[in-house]
Amino acid sequence: MPLKRADKTPMSERDAELRSHDFVEVNEGYNFARARFEAERCLRCQDPVCIDGCPVRIPIPDFVHLIAAGDMAGAAKVLRSANPLPAICGRVCPQESQCEEQCSLGTRFVPVAIGYLERFVADWEMGQPAGEAPAQPTRAEKVAIIGSGPAGLVCAGELARLGHPVTIYEGLHAAGGVLRYGIPEFRLPKKVLDWEIEQLKRLGVEIVCNVIVGKTLSMDDLFEKMGYSAVFVGTGAGLPQFMGIPGENLNGVYSANEFLTRVNLMHANDFPNADTPVMVGKRVAVIGAGNTAMDTVRTALRVGAEKAMIVYRRSVAEMTARVEEHHHAIEEGVEFHWLTNPVEILGNKDGWVTGLKCISMELGEPDDSGRARPVPIEGSEFVLPVDNVVLSIGNRPNPLLLQTTKGLKSNKWGCLVVEDESAQTSLRHVFAGGDAVTGAATVILAAGAGKSAAAAIHADLCGE
Amino acid sequence: MARILEKRSLTPVTKLFRVESPLVAAAARPGQFIIVRVREGGERIPLTIADYDRDNGTLTIVVQEVGTTTGYLGALEVGDDILDLVGPLGMALEIPAGGHIVGIGGGFGAAALLCLMRELSARGDRTTIIIGAREKGLLILVEELADICDDLELCTDDGSAGFKGLVTERLAQLIGGDGPGRPDSVVAIGPMPMMRAVTDTTRDFGIPTLVSLDPLMIDGTGMCGGCRVTVNNEVKFACVDGPFFDAHQVDFEEAVRRNKMYVQQEQASKERAECRSLAMGQD
Ligand SMILES: Cc1cc2nc3c(=O)[nH]c(=O)nc-3n(C[C@H](O)[C@H](O)[C@H](O)COP(=O)(O)OP(=O)(O)OC[C@H]3O[C@@H](n4cnc5c(N)ncnc54)[C@H](O)[C@@H]3O)c2cc1C
Ligand SMILES: Cc1cc2nc3c(=O)[nH]c(=O)nc-3n(C[C@H](O)[C@H](O)[C@H](O)COP(=O)(O)OP(=O)(O)OC[C@H]3O[C@@H](n4cnc5c(N)ncnc54)[C@H](O)[C@@H]3O)c2cc1C
Ligand code: SF4
Ligand code: FES
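For the record, the sequence lines run as chains A and B.
Per the numbering used here, the very first residue in the first sequence carries number 12; after that it's consecutive.
Per the numbering used here, the very first residue in the second sequence carries number 4; after that it's consecutive.
With the rest of the complex left out, here is chain A (with noise of 0.2 Å):
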């Protein structure tokens, strides 16, 4: 019988105190009792609306009645026959704007914990020993995926499983995207992301990495010299954005993509253990109020910042961070300066970085996106001493294989275009989706689009 109770079955956390100065993840996960009694609290409704704020239709009340049955087999195949990445998914997706914001629950209490749910059979799986390997491709048509993001592992896993074989080409050294380079350790712990690829790769997909395509392959390569049937393009928004304004080509400012991958790709946290530093002073501003800017605040504090700060033109409210993430941010002493524009970066004479001038704001009527706008208060500005400015302000889909292949379209965002059900560009047997193709968004709407288009790939090429 489902059990009506209020709260949500707490996470238990890493001290904030302690997390603050380490990489270890933060939220340590439910145990078997936890999950179970959170599990009961699902009122497996008629009409599961969870369902419709998943952006890949989990059934949820499904897997969530398994946990409280003790099923756990049952719930990771559940889960698994809709999200490819749960232990991903699980941890970073924004669940109180998706699933949990429809939770019949919500209403009146607080939601069923189902991001926490997710994560927690996912888990289990890992756990649990590898089975036989399973069945290699046997197709003849032949599948090159571009980027090896969210989209890309997803789109590259369902092809292998329909038979096809498949080669990843990643520009960088390692693959797994964003998930590599960008979400950091204390909220992704790499190993749940090298589990996900080590699946990959028993399912026969081959990783190519350090092969930028545009650059070492040309698209025309893919087809003519290397004998592929189709391509997908999962490379991404990655292009970090600017804000023009004075100051920011002086020492001590990044953007928020090269501070994260200095620490994440390159292993600056242990610096000179490895080789690549990263520069941080004793007070750090990161511009923005995204994951983005969230995971860079925190990271600051973890690579030895005495204080870290949020500047924001908007006000929380507007915030379009993890509400967790921000929870987190703030138990580890992060200093937040909401409707607070930056205007310029202040230096000294050697060039270095020595504080953010910055104007304060008030909202006005709403803007294109619905959010109240931010105009500046005349006269109300002011110096915030930093070293340090990382800006976190967006990214872009990188220019680079559009710039080398002709007849790709893009629109004025520099957005892939593609037919909304097959995920077809503007090119024969090229498709793409993730990020490239929406902007910067999530982890699930990429793991989505990846799992779609190779539906639509399949149908291509054998006709199905």
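Because the hints were derived from the structure by calculation, they are not lab data.
Since the structure is predicted, the reported quantities are computational estimates derived from the model, not experimental observations.
Check before you lean on any hint, since a few could be wrong.
[As the list claims (entries may be wrong)] Below are the DMTMM-like pairs computed for lysine to aspartate or glutamate, each with C-alpha atoms no more than 25 Å apart in a straight line: (1) A:K360 x B:E269; (2) B:K273 x A:D281; (3) A:K212 x B:E43; (4) A:K360 x B:E237; (5) A:K368 x B:E237; (6) B:K239 x A:D398; (7) B:K239 x A:E259; (8) B:K263 x A:E355; (9) A:K423 x B:D244; (10) A:K417 x B:D244; (11) B:K263 x A:D361; (12) A:K420 x B:D244; (13) A:K360 x B:D254; (14) A:K293 x B:E269; (15) B:K10 x B:D150; (16) A:K368 x B:E257; (17) A:K423 x B:E237; (18) A:K202 x A:E136; (19) A:K318 x A:E346; (20) A:K202 x B:E43; (21) B:K239 x A:E355.
[As the list claims (entries may be wrong)] If you want the ones that stay clear, here's a sample from chain B, every Cβ over 10 Å from chain A, calculated: (22) Q67; (23) D203; (24) I210.
[What the hints assert, rightly or not] Short derived list, chain B residues pointing at chain A, Cβ under 8 Å: (25) A30; (26) R40; (27) E46; (28) T71; (29) G90; (30) G228.
Ideal Cβ positions, reconstructed from N, Cα and C, are used throughout, including at glycine.
Once you have looked at the hints, place chain B with the ligands on chain A.
Below, chain B with the ligands alone, put in the same frame as chain A:
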């Protein structure tokens, strides 16, 4: 992974490697570069493609040992693998055909002129190469460079070979009509102070000049923005928009300053690397 097929010591701190990398060799164009990483936990560093051989699928790179990663690389031997090698990166050099083109190389920059000047010579341009060093023994690839251009001009600080003085002083003489004569355009590759001096030398004469900027890089694909430089008051990412830029528009002061951002860390890293190799030697 890229296997090292040949290694030559050009000076005590400059090594030439020929490495197996068929895909990069097939796609490379003069002026482009690669990024390598030589050990787990290692840094990614950019290196110019000095030459490529499409038929044999090989690249030639020349490395000047200045710090941790170039030190590790310099210690590799024939038969070793370079852990990661990606490229070709950046834009190929573009110079209008038909004129007298002077290529100037300092340090590893002399090597970077190899495939570049050969291609210009092959398409029919009149080509002069000026290379310089402190003394004769530090000039690199003299024979190879002599083969691929119309005139090779050597400069040494002590006069032990060729012209006694700086490459820029010799360049000024050429502009004045001496030797192979006034260039129609100039390409300079080498240490920042040298490129800056070349830029100052050609500016007043309005001679189109390209320099190969070498900011710190990580990904080399436009993803991090760490390589940003200011050219003509615009911010450019050197890894994708460069590495060649109109020298007379480059904000050198900023470029030099940004390159020095990690001097202290580089020193710490080098000391750690030396400890590491000492420890390895004791095994
Ligand atoms: C710091 C940060 C935190 C985030 N946090 C969250 C979160 O908590 N929750 C959430 O849902 N989303 C989050 N996101 C967004 C999410 O990570 C992305 O939406 C998602 O990764 C997009 O997946 P993708 O596969 O489309 O591209 P990416 O993950 O960007 O992967 C693209 C890959 O393609 C490679 N590539 C690009 N061009 C080429 C080429 N020409 N040849 C070969 N390889 C190429 C790139 O190197 C990269 O590895 C975050 C993003 C960032 C940056
Ligand atoms: C497009 C491009 C092409 C290049 N081609 C070559 C090449 O063909 N051969 C070659 O030997 N080097 C080349 N370089 C420079 C090379 O990348 C650096 O020397 C290397 O990154 C240094 O790494 P390190 O770990 O050995 O030394 P570090 O510890 O990083 O630095 C040691 C010392 O070298 C200086 N230094 C570091 N990076 C640079 C740089 N980019 N320019 C000038 N000084 C620097 C530092 O200030 C410090 O004093 C190129 C750079 C770029 C951007
Ligand atoms: S909406 Fe909430 S309570 Fe209803 S089925 Fe979904 S998770 Fe269970
Ligand atoms: S090296 Fe990262 S953008 Fe150029």
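Comparing the hints with the structure gives:
| no. | hint | in the structure |
| --- | --- | --- |
| 1 | A:K360 x B:E269 | 22 Å, holds |
| 2 | B:K273 x A:D281 | 15 Å, holds |
| 3 | A:K212 x B:E43 | 21 Å, holds |
| 4 | A:K360 x B:E237 | 22 Å, holds |
| 5 | A:K368 x B:E237 | 22 Å, holds |
| 6 | B:K239 x A:D398 | 24 Å, holds |
| 7 | B:K239 x A:E259 | 12 Å, holds |
| 8 | B:K263 x A:E355 | 23 Å, holds |
| 9 | A:K423 x B:D244 | 20 Å, holds |
| 10 | A:K417 x B:D244 | 19 Å, holds |
| 11 | B:K263 x A:D361 | 11 Å, holds |
| 12 | A:K420 x B:D244 | 21 Å, holds |
| 13 | A:K360 x B:D254 | 16 Å, holds |
| 14 | A:K293 x B:E269 | 20 Å, holds |
| 15 | B:K10 x B:D150 | 21 Å, holds |
| 16 | A:K368 x B:E257 | 21 Å, holds |
| 17 | A:K423 x B:E237 | 21 Å, holds |
| 18 | A:K202 x A:E136 | 14 Å, holds |
| 19 | A:K318 x A:E346 | 8 Å, holds |
| 20 | A:K202 x B:E43 | 17 Å, holds |
| 21 | B:K239 x A:E355 | 19 Å, holds |
| 22 | Q67 | 17 Å, holds |
| 23 | D203 | 21 Å, holds |
| 24 | I210 | 28 Å, holds |
| 25 | A30 | 6 Å, holds |
| 26 | R40 | 6 Å, holds |
| 27 | E46 | 4 Å, holds |
| 28 | T71 | 5 Å, holds |
| 29 | G90 | 7 Å, holds |
| 30 | G228 | 4 Å, holds |
Violated hints are absent here; each numbered hint is respected by the structure.
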